[in-house]
Structures are given as C-alpha cells and as structure tokens.
Amino acid sequence: MPTLELKNVSYAYEKGKAVLQNVSGALETGKMYAILGPSGSGKTTLLSLLGGLDVPTQGSVLFDGEDITTKGLEHHRRSHISLIFQSYNLIDYMTPVENVWLTAKLDAAPILERLGLEQDEITRNVLKLSGGQQQRVAIARALASNAPVILADEPTGNLDADTAEEITAILKESAHTFGKCVVVVTHSGEVAKQADVVLEIKRGHLKEREM
Amino acid sequence: MSIFKRAFLYVTRKRGKTILLFAILLIMATFVLTGLSIWKASEAAQLDLRQSLGGKFDVFVDWSNSPYVVKEPVKDEVDEETGKTSSSFLMYSTVQFTPENITAIKGVSGVKYCSARQDNLLPFDGLSLFPGTISTDAKYQGYTKVLGVCNTEDDELFTTGTLTLAEGRHISDNDTHVAIISQDLAERNELKIGDYLTAHRYSVEDQGFTGPEIRVQIIGLFTPHAVEQFGETVTTYDKIQNRVFVDLQTSKEFDGGEINYGFSALHVTIDDPQDMARVVAEVKALPGIDWKAFTVEVDNETYENAAAPLATLNELVVTLLVVIIVVSAIILALILTLWTKTRIHEIGVFLSVGIRKSAIIGQYLIEVLLIAVLAFGLSYFTSNTIAGQIGNHLLEQSMQTEPEDDNDVVSVAASVEIGADNLVQKPLPTENGIQVSVGLDNFAQLYLIGLAIVIVAVSTSSITVMRLKPREILSKMS
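Residue numbers (our numbering), protein chains in the order written: chain A, 1 to 211; chain B, 1 to 478.
Simulated from the structure, these hints should not be mistaken for laboratory data. A portion of the hints provided could be inaccurate.
[Unchecked claim] List of simulated lysine-lysine pairs, DSS-like, C-alpha gap at most 30 Å:
hint, chain 1, residue 1, chain 2, residue 2
1, A, Lys-71, B, Lys-357
2, A, Lys-128, B, Lys-341
3, B, Lys-469, A, Lys-207
4, B, Lys-469, A, Lys-17
5, A, Lys-128, B, Lys-17
6, B, Lys-192, B, Lys-252
7, A, Lys-128, B, Lys-14
8, B, Lys-5, A, Lys-128
9, A, Lys-7, B, Lys-469
10, B, Lys-192, A, Lys-128
11, B, Lys-341, A, Lys-7
12, A, Lys-202, B, Lys-341
So here's chain A without its partners, still in its complex pose (with noise of 0.2 Å):
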C-alpha cells in the first residue's frame, strides 16, 4: 500500500493559472523518489501538496489511504512528513541538538554523530557551521522526527559537488537503511541518479522517466 498518493490533483493560482492537471501518483517507503521539471512546471507546488503547506484546487491527497485533511493539515506536518529546504531553514537561536530537539522523537546526539557532525559541533550555534553541516542538522531534524515521509525541495542547491553526493547520499541512506520515503525536488541530474524512481512534470502533468 503507497505511503502518499495523489489522486487527480489539480492546483490553479487565484489568477487562474494551472499549475497541476490532474495529477495521480504513489509514492511507497524505503524509496527515493527524484522530481525533476524545469522552473515554475510545478515541482515546488507538488511538493507542497504533499507536505500538507497547501491544498489542492481539485483532487487529494492520501497518506495511508486517508485523506491529509480529515485529521487536519498540522496533524500531517508534525506526525508524516519531514521538510527540508535548500536554505536549509535552521532556527538561528538555537544549537544542533536544539534544532533536532524541535521536533524529536528520537535522541538527537546519535543521530547528528551518525551524519558526522562532532560533539563539539552539534552544541554549536547553527550559524557558525558551514553549509553541509547546517543540512546535515537538516536531515538530522527530519530523522529525528521518526516521521515516514521526508519530502526535500533542492536539498544540494547551496552545496559544492561533493557535500552534495554526500547529502545525497544521506537521503539515499534514509531510505533504504531508515525506510523512509524520501521525495527529492531537484534540478541536479546527479542526484537524480541517485533515486530509485524518476519523475518529471512536464506542463502540469507528472510522468515517471525511464532511467
């Protein structure tokens, strides 16, 4: 059974503009899932649909089977999905551990250590690391969630090549060592080479590429 569905979403601006037609897909844990699409083809919207910070013009939006709105969309942030951002989005006032501790589950120092950040790094304030490390307490937060679902919106934008294979790769790991269902939006072709599914939208239509 898919861990998130989309069932024939739609997503139009108030100005009219349609964003999304009708789109239907599903997306299962222990995947990586790479979503590719030029700019304004919709990734970020599909992305936000997922993660409950929207809602569909037409159509829904399955977790489990349910739709996201019948618990309420907060519901769905705090307990299915996990977001991490290009610009990472750390709160400035706080250490690593602090960050991971927002939203927490799990204990927060293992999980940091893991993603290689040191111990005198993870009591740090977020804004004296550099950026990998800044996505790796990223990454760490949404782990440390425990929630299913970590949906990225170009996780490796603001990286050099490398960083970016290894947060790649960090992904890559939370899926198929952590069963989760990771949702990458990328303009990267490297990364999305990494996925395990392919998908692209291409004038408001969501397709799966053949890698």
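With chain A fixed as given, assemble chain B onto it according to the hints.
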C-alpha cells in the same frame, strides 16, 4: 521542545533584542506604576481631606418666607441723652427646633455633630469679667454671653478644639441648672467646680434681668486654644474667657418668656462632604420638622476649594495613564511587528514541522512576558524614586491652575468664622504635598495592565504574518 523552552532560548540568545525590549518595558512600567501610585495617593489625599474638613450645613428659620414668623412691637424706649423715643420690634418664629429634632438629625447616617445654641447677654451676680478692648453701651457693662445648649460636647467650639474641657464634665442632654465657664474666669473669681453662679430671669416689664433668682452649678471648666491678639477689638461680653455655657432649660429660664422654647438655628457637621446632598435630603425627610419654617444653607466651599487641586491632579493622572497605556501598546506593537517580520523564516520552519500558529504566538507572548516580569519588578524601584517628586510637581501645577480665591484654603487652612469666635485652623492634608508610595495593589494593577498591553501588542503584531498560509510564508522565506 516545549513552548517555554523555545521562548527561553530566544530571550537568552537574542540578547540585544531582549535588552531593548527590557528597557522599553521598564520605561513603560515605571510610568504606569508612577501614574497608578500618584492616582492612589491623590485618592487617599482626597479621602483624608474629606474626613479632615468634613462638611457643614446650617438649618435656620427662614425669616423672609416662613409663615410662622411673628413680628411684635415692644415697649418704646426713650433715649436719655436725646430724649427721643424709638420703637422696636420683637421678631420670632413660633416653630423652632427642639432637642428631639437635634437627636433625630444626629441619627441620620453620615452626620457627625449637630449642635444648636440660644444666645443671651446677661449679668451674673458678683461675677468679675475680663474687660474687653472696646467700650460697650453702659447698659451692657457686666453682661456676658451665655450660650444655652443641649450638650457642649457637640458644640462646634469644642469639636474644633477651639475650646477644651480642662476640668469637670460636659453639659449633657438631661442636665438642668448647670454651667461651664473658663478656667481663667473661675480663677479670677475664685470659683471651682461645684460652686454656683447666680443670675436673674428677664423681666419684660423692667426690660432687664431683674426677675427671680436662678442658680446654676459649675460642672466644668474650659480653656481656650487662644485668646484674642494684642490690638484685636473685642467687647467684654464677647471675650472668650467670659463665655458661659448653660443647659437649654436654664437658658429658657433666663429668657423669661415662652417665645424661645427651642432653637432658631442648627449647625450640622457631616463626615464626608461628598455625601452632602444625600445627608441634607435625609434630614429634610425627617418627620417632626416643619420645613415651611426653615431653610438650609450648605457650606461646602471650604472642601470644594481645598479638593479642587486634588481633583485636577486626579484628572491629570488618569488622562496621563490612559495616554501612557495607549502609547505603550502602540510602541510595543510597532516594535514587535517589525521583529515579527524579521522572524518570518522562523515562523516558516515552525509551521513546516507542524507547530500550530497559536503555539507560535504563544511563544512570542511568553518571550515578552518573561522580559516583562523582570522589567515590571525593577520598575518598583524606579517608580518609588520618581513617583513622589512627580506627584508633588503635578499637585503644584494643579494648584497653580486653580482660580485664585479670597479664601486661600490650601495655603492657609480651613477657617470658619461664627460670630466673634475664630475656630481653630486645622492644617490641610495637602499642605505638605501628597505622600506617594508604590503599594502591592499598584503592583498587581501594573501586572494586569502590562499583561493586557503585551497581549494586545503581541496579537496585533502577529496578525499580518499569521494570516498567511504556510506555503506563502515559505515562499517569502525563499
């Protein structure tokens, strides 16, 4: 992570903002607490003033309009020097106040004292008087003023401290043929308590006190607070040391006729001048007093003049308080609005991890309250330092803005003249300024007002951002 932990982390890590907010809240709290303290002190001073001054009103025969006023011609007198004959009239009211009326008025709630007097000028046998500073008609030499009262304890000369009972006891309602004289007069005449004074009933035929002998026993001696100053003019019979108080029965006997069976005027002192209208209305509603015969004259001017600066101060403080509260709320809301806009990134993160908007606003509220608790606490000391000075400065301003009056009651004192008797001047509570101190009640009020200001400011500042959808916030972030 709990809402309190997040708030605590923000307050302790964002020290610059915390210090700035602390300073703003401290200034705001100091002003509010100072205003509240001055307000309380002003209210207390007004209450003190009311209790110190009391209120007064006189009830007397309405000589112009009463249907009970009788005007009778009396025997013509021939002036011995000029040989001219002069006619005179006796005017009196057939309806007078009785001791029962006085008792009834004393029973009205808020009435402190009710006193009445019958005045007579008469001579006592063999009584040597202190001479006055101006000469009187030969006919009145050896005469002194005799006041007939129900009891001396309620008489204004005693209640104001103008006279003090030094020895013996007061005249009370059931006494007959008793007197109280001054200690000086007693010494001058080698009299003591228990001795008798002798006078005579008034004879209409002789137009003098040549009637049957009346003896009164001295039961008390008084001392005056002050006698007249050098250079002051006073007749022998008006000298305070020559004054004789007797009971009403004796006074009526001295008078000789049946005309003056009671009192033609009453003097009523009430506890609280603010209650004047109610007390007068209740007195007027008493049974057994025929109000066609009497009229009431209220004397609240002393209180009103003295209270005016305090009332002005009160209005000023209340206005300032309102302004301070509104301005504080606006300033705080503006600052928090600016800060909330800079925290949009944080709001987006919180929303993305499923923290409710209400919990985010709650965190902001707790942050401000954490700082406010400390700032409000410190304002106790800052307010205590400045409240007294500001309060008295405002009072001075209020006094300067009052129109000048002939009776400068605030700077001089409450002074009321009745006849030739200058009543003792009591210092007014406002003479030395008002005593302003920050109390626990003010502190509680500050926390309530502060809480309201903070809630309004935080709610107002959060509206703009909180109305946005999570995705809109995240779009703004990127």
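Hints and how they fare:
no.: 1; hint: Lys-71(A) to Lys-357(B); verdict: holds (16 Å)
no.: 2; hint: Lys-128(A) to Lys-341(B); verdict: holds (23 Å)
no.: 3; hint: Lys-469(B) to Lys-207(A); verdict: holds (28 Å)
no.: 4; hint: Lys-469(B) to Lys-17(A); verdict: holds (19 Å)
no.: 5; hint: Lys-128(A) to Lys-17(B); verdict: holds (20 Å)
no.: 6; hint: Lys-192(B) to Lys-252(B); verdict: holds (25 Å)
no.: 7; hint: Lys-128(A) to Lys-14(B); verdict: holds (15 Å)
no.: 8; hint: Lys-5(B) to Lys-128(A); verdict: holds (22 Å)
no.: 9; hint: Lys-7(A) to Lys-469(B); verdict: holds (23 Å)
no.: 10; hint: Lys-192(B) to Lys-128(A); verdict: violated (101 Å)
no.: 11; hint: Lys-341(B) to Lys-7(A); verdict: violated (36 Å)
no.: 12; hint: Lys-202(A) to Lys-341(B); verdict: violated (36 Å)
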